[in-house]
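There are 2 protein chains.
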Amino acid sequence: MNNPIKIAVDAMGGENSPEKVINGIHIHNNNIKDIFYNIFGDQNILDPLIKKIKLPENKYKIIHTTNKIEDNDSPLSAAKRGRDTSMWMSIESVKNNHSDAIVSAGNTGALFVIAKLNLKMIENIDKPALSALWPNKSGMNIVLDLGANIECNEKNLIDFSLMGSALHKSLFDNEDAKVALLNIGSEEIKGNNIIKNTYQELNKKKNSLFEFKGYIEGNQIMDGDVNVIVTDGFTGNIALKTAEGTANFITSELKNAFNKSLLGKLSALINIKNLKMFKNKLDPRLYNGAILLGLDKPVIKSHGSTDEIGFANSLNVCEKIIKGDLIDKIKKNII
Amino acid sequence: MNNPIKIAVDAMGGENSPEKVINGIHIHNNNIKDIFYNIFGDQNILDPLIKKIKLPENKYKIIHTTNKIEDNDSPLSAAKRGRDTSMWMSIESVKNNHSDAIVSAGNTGALFVIAKLNLKMIENIDKPALSALWPNKSGMNIVLDLGANIECNEKNLIDFSLMGSALHKSLFDNEDAKVALLNIGSEEIKGNNIIKNTYQELNKKKNSLFEFKGYIEGNQIMDGDVNVIVTDGFTGNIALKTAEGTANFITSELKNAFNKSLLGKLSALINIKNLKMFKNKLDPRLYNGAILLGLDKPVIKSHGSTDEIGFANSLNVCEKIIKGDLIDKIKKNII
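Chains as they are written, first to last, in this note's numbering: chain P, 1 to 335; chain V, 1001 to 1335.
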């Protein structure tokens, strides 16, 4: 680990970048004092933005490049022509131990492929997984895989249980990790053979990192009884996006209901503090982004469409992962 | 088809049955005049309930049995010992053409197995599918399969497209059926081989029943651009239940927000009409239950936990399916 901790920031990826990235650094730096930012991107654009937020000179370094990965680049073409882009160079920076973690709001597929090309897998982990935070009634879930692996075998799902638990422990130090397999019923006989075999294996293996709680169904994800939810990348991606779509549908219907009458608008005004609390609890910026697990360096993907607050939260996740020794936790517990 | 249309009603399944079933018939009969109900259950319990709702004698017949399938019966034990239960006898009633459709709020697995044991598959359909209504911005989706088949091949998914479209046309006569495959990306290269092959097949096949619109992702289910959403039973079950869980989570958080202060409670009162409209639009009783497709008779599953309004809506679905010639529509269009 570098001292101070260094985060490699791809400043050029995602909507409204690099403005939101630099403003995100501003918010993060105001809250957390012991971080150094290696910022990758076009110096001519970055310099005036950084001047504006008055980031102290000893807190950052710009590594200049005019090239960047575009959102519509295919992962393959990004990998082929990407070597001097801000994304590639920021990943290289963790590879060479110049930074401790990398964050980008750019093209997910490209980030995934370039990270896999440059970084080593943790020994005995077969496949990396994409994980994310997902709120529940009592705190936060880690859910994985969210699309990196369409098909997973028993070993993959067991690895995901372990990596997800290590991530949960890094982010929420004083909570116990409780793992569940996402399935279509809670009885032991439900699901396909891979899930059933994984259940048996996890039930047998005792370990100090997590407690295995069996199956949960889709409607139990947010109950808060477990906090690490393991599934294959196809199912996880569909579940996460379905939840997103449902949340958007409900909040837009709710807005319509309030806007239907003057009285409605008025009472929404009266109620503004309560509605704000409601919105805050569900604010997707609070659990913005995804974490790529299984590589020997932390790779954090911020949502392309998030804003500066969302990006600041991704920086927060980087910092917690480094301080929480995520990679070490995985290495020590891998079976 | 019987004249008048006859619906076989398993009166003994689900929570608060047979009360909610009989009250559901009451609501349904008040709105739709040309239906006859074959009611299966314990005459001693049913008689006083029916007397209470003053259902005219020429609108129903009680077929007496004291046996019933319990919620915790395994499908296998239900099939073994079920012959003189209200569920089995009501399915037999459609088998023998004494009724045109069957509805039950009882044990889903048992209903599924007993229906498969007693009823024929529609020719050229390999697997039956469980489908349900799911609201979107502009109307209603049909989503299938929701758990009957954990693994599906190309032929199954094509059959589901066709059966789902026939169901949509039966229920919403003046709308065009627009089919999409649920996937983890909208590009042609995404997904596993079965999904990709199905995409190619559906793209080639022109038919008069539906338009094929390609892939959608989980967050697009409620957009209203398509209305028949096809997936395997594992993914469909997880997606539906995740949406349910998310909706419950958000509405309970919203309730908390409103209840936080006196002012909040007051403004909720002021806003009661708007909130009611909001609630109505999302009322799960409006799209209560599931429809088993692929058998040569309509089998409708009402939610076990629904109330009389939900059950009345299931009767409504029965009636529309019969009048809309669902089974004929499937038979004529099967490839």
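No lab work stands behind these hints: they were computed from the structure. Honestly, I wouldn't trust all of these hints.
Taking lysine to aspartate or glutamate pairs in the EDC-like style, the calculated list, with each CA pair at most 20 Å apart, reads [claimed, not checked]: (1) LYS190(P) - GLU1151(V); (2) LYS1255(V) - ASP223(P); (3) LYS54(P) - ASP84(P); (4) LYS1137(V) - GLU151(P); (5) LYS1196(V) - GLU151(P); (6) LYS255(P) - ASP1223(V); (7) LYS1255(V) - GLU19(P); (8) LYS196(P) - GLU1151(V); (9) LYS1190(V) - GLU151(P); (10) LYS255(P) - GLU1151(V); (11) LYS137(P) - GLU1244(V).
Simulated coverage check for chain V against chain P, where a stretch passes if three residues somewhere in it have a Cβ under 8 Å from a Cβ of chain P [as the list claims (entries may be wrong)]: (12) 1141-1151; (13) 1225-1238.
Note that the Cβ used here is the ideal one computed from N, Cα and C, for glycine as well.
Could you grab the alpha-carbon distance between LYS255(P) and ASP1223(V) and see if it respects the 20 Å cut-off? With Cα atoms ~16 Å apart, LYS255(P) and ASP1223(V) stay inside 20 Å; holds.
Just to be careful, I want the Cα atoms of LYS255(P) and GLU1151(V) compared with a cutoff of 20 Å; is the pair within it? violated (39 Å)
Please work out if LYS54(P) and ASP84(P) have their alpha carbons no farther apart than 20 Å. violated (28 Å)
Check the hint pairing LYS190(P) with GLU1151(V) against an upper bound of 20 Å on the C-alpha distance. holds (13 Å)
Given the proposed pairing of LYS1255(V) with ASP223(P), does the C-alpha separation stay at or below 20 Å? holds (16 Å)
Pair hint outcome, LYS1137(V) versus GLU151(P) [Cα-Cα no greater than 20 Å]: Roughly 32 Å between the alpha carbons, so the hint for LYS1137(V) and GLU151(P) is violated.
Check the hint pairing LYS137(P) with GLU1244(V) against an upper bound of 20 Å on the C-alpha distance. Roughly 15 Å separates the two Cα atoms, so the pair holds.
8 Å C-beta test of the region 1141-1151 of chain V against chain P, three or more residues: holds (count 3)
Are three or more residues of the region 1225-1238 of chain V within 8 Å, CB to CB, of chain P? Contact hint for the region 1225-1238 of chain V vs chain P: holds, 6 residues under 8 Å.
Pair hint outcome, LYS1255(V) versus GLU19(P) [Cα-Cα no greater than 20 Å]: violated (37 Å)
Hinted pair LYS196(P) and GLU1151(V), Cα distance within 20 Å: Answer holds: LYS196(P) to GLU1151(V) is near 15 Å, not above 20 Å.
Compare the distance between the alpha carbons of LYS1196(V) and GLU151(P) with 20 Å, and conclude whether the hinted pair is satisfied. holds (15 Å)
Of the numbered hints stated above, those contradicted by the structure are hints 3, 4, 7, 10, listed in ascending order.
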